[in-house]
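As a plain string of letters, each chain reads:
Protein chains: 2
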Amino acid sequence: MTLKDKIGACCPQGLGLCVGLDPVIAKMPEKYQTALSPLLEFNLSIIEASAPYVCAYKPNIAFYEAHGSKGWDQLKKTIEAIPDDKLVIVDAKRGDIGNTAQAYAIAMFNELKADMVTVSPYLGKDSLIPFLNENDKGIFVLALTSNPGSADIQELTVAGSHVYSHVVKMAVSLNHNQNVGLVVGATKPEILQEILEISDGLPLLIPGIGAQGGSVYALKSALEGYSNPAFVNVSRKIIFASQSDSHEGDVRESAMKISDELAG
Amino acid sequence: MTLKDKIGACCPQGLGLCVGLDPVIAKMPEKYQTALSPLLEFNLSIIEASAPYVCAYKPNIAFYEAHGSKGWDQLKKTIEAIPDDKLVIVDAKRGDIGNTAQAYAIAMFNELKADMVTVSPYLGKDSLIPFLNENDKGIFVLALTSNPGSADIQELTVAGSHVYSHVVKMAVSLNHNQNVGLVVGATKPEILQEILEISDGLPLLIPGIGAQGGSVYALKSALEGYSNPAFVNVSRKIIFASQSDSHEGDVRESAMKISDELAG
Chain A
-18 MTLKDKIGAC CPQGLGLCVG LDPVIAKMPE KYQTALSPLL EFNLSIIEAS
32 APYVCAYKPN IAFYEAHGSK GWDQLKKTIE AIPDDKLVIV DAKRGDIGNT
82 AQAYAIAMFN ELKADMVTVS PYLGKDSLIP FLNENDKGIF VLALTSNPGS
132 ADIQELTVAG SHVYSHVVKM AVSLNHNQNV GLVVGATKPE ILQEILEISD
182 GLPLLIPGIG AQGGSVYALK SALEGYSNPA FVNVSRKIIF ASQSDSHEGD
232 VRESAMKISD ELAG
Chain B
-18 MTLKDKIGAC CPQGLGLCVG LDPVIAKMPE KYQTALSPLL EFNLSIIEAS
32 APYVCAYKPN IAFYEAHGSK GWDQLKKTIE AIPDDKLVIV DAKRGDIGNT
82 AQAYAIAMFN ELKADMVTVS PYLGKDSLIP FLNENDKGIF VLALTSNPGS
132 ADIQELTVAG SHVYSHVVKM AVSLNHNQNV GLVVGATKPE ILQEILEISD
182 GLPLLIPGIG AQGGSVYALK SALEGYSNPA FVNVSRKIIF ASQSDSHEGD
232 VRESAMKISD ELAG
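Here the protein sequences come in this chain order: A and B. Residue 183 in our numbering sits at position 202 of the first sequence, with consecutive numbering throughout. Residue 32 in our numbering sits at position 51 of the second sequence, with consecutive numbering throughout.
There could be a bad hint or two in this list.
Any copy will do: because identical chains look the same in the list, a pair fits if it lies in one copy or spans two.
Stated by the list, open to error - Within a straight-line C-alpha distance of at most 30 Å, the following computed DSBU-like cross-link-like pairs (lysine-lysine) qualify: (1) Lys(-15) / Lys8; (2) Lys57 / Lys8; (3) Lys8 / Lys94; (4) Lys218 / Lys57; (5) Lys8 / Lys106; (6) Lys57 / Lys150; (7) Lys238 / Lys150; (8) Lys238 / Lys58; (9) Lys51 / Lys94.
The hints are simulated quantities; they were obtained by calculation from the structure and are not laboratory data.
Let the hints inform the model, and build the full structure from the sequences given.
In structure tokens form, the structure reads like this:
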């Protein structure tokens, strides 16, 4: 199945929920904190509780690397446990020169079996191309992120335009295999709309809703009239919905509520 | 010992050789290809052969992640084996929002025990600050990289200046603990000189010599008159100096030759 077809199958409404699997031991219910594989066991409970309301899962690799090789193993097993009808996005924000980018592509696609990986555009086209050889694997390129620091470099003005616009044009130019998407934060809906205008329908990964303060209403209003498939990522508000040992109900309810807001 | 003092001790001439530990199994001598821990055993032979001529070692984490958790374990053991009088730079080019950057800082400094880590500036100041809390650990911020794609984003013109100049100014502004450096490629010496002018003496990590085509002569000429400590990275030309099972002599000779060129 091509990536384009998988995205269509995972996100049939064109706008769907992505859950960020970003485990932090101190924030988990106690029974996971003392488990042998806390990241994995916590994630399995989140996946089981949330799956009916979710189009994609997005583990951010930082939270696993903080635990070294044991973390890496638990990330790999987490990905193996994600149902086949969900898109697996590894949030890695990698970006390196050609032969090194090739090694990262092997790490993300062959070793971890991600469908897509987030990448940073700072090193330019040749740092992204090694991820684009197969039409069933692809990238989300960071265009405009959801943090305050996005203003420092991304929003610099370049010849009447902005750095992020150049990144979007670069991403569009690399989409020969229909496997390039964009990361665009929900915290600045007016810039999101500006990016949609030049995005040529590329799929979007949208962080910033929930703990980071972006509003679903403003997001939906910005997306209106565009056909880009959009995965709206929420992490903390779902996975840490409760610290009770029977957190599954709260996780499910939080996922359902946000999924309903996106659909409604 | 503060990072500033360690840099001074590792690189007393102000300009020294950094060896990139970027192992690729197919390029190793045969005896390592069939070893139980090929990355580690290959690296140990490189470190032993090259140490007398080297100020710093820089493993690029991509070449380890391509082997999953086994690769991560071999990276950790490689770093443990690097002599204490060498600077350990993990080339990770990480860059993520605050709470995630904090998890990466734990991965790089606490778990892998790196002295410094390379970071990407695309997400702005708040993505770099979590790496800067301790004065014995620090970052090299990507300013101008050595690959052709550096022109795509880094060299865009912003208000009569360039994106890379804004990155340099941002890095300088974060140097309260004297633990911020810059990555500046050797492939464009004229831009290196422009960056030196505004770099406030920050330490430099300089890739691009050797397989990537940068010249030591042009580099030294650009650095003349500046006091920035500079680690010149060479990887393939040293670590793959020969594919013979007794490659140590060729590795040593290649490291010695480049170290002499830098000193001479």
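We went through each hint and held it up to the structure:
no.	hint	verdict
1	Lys(-15) / Lys8	neither (36 Å within a copy, 36 Å between copies)
2	Lys57 / Lys8	both (21 Å within a copy, 27 Å between copies)
3	Lys8 / Lys94	both (27 Å within a copy, 25 Å between copies)
4	Lys218 / Lys57	within (24 Å within a copy, 34 Å between copies)
5	Lys8 / Lys106	between (38 Å within a copy, 26 Å between copies)
6	Lys57 / Lys150	neither (33 Å within a copy, 39 Å between copies)
7	Lys238 / Lys150	neither (35 Å within a copy, 44 Å between copies)
8	Lys238 / Lys58	within (28 Å within a copy, 46 Å between copies)
9	Lys51 / Lys94	both (17 Å within a copy, 16 Å between copies)
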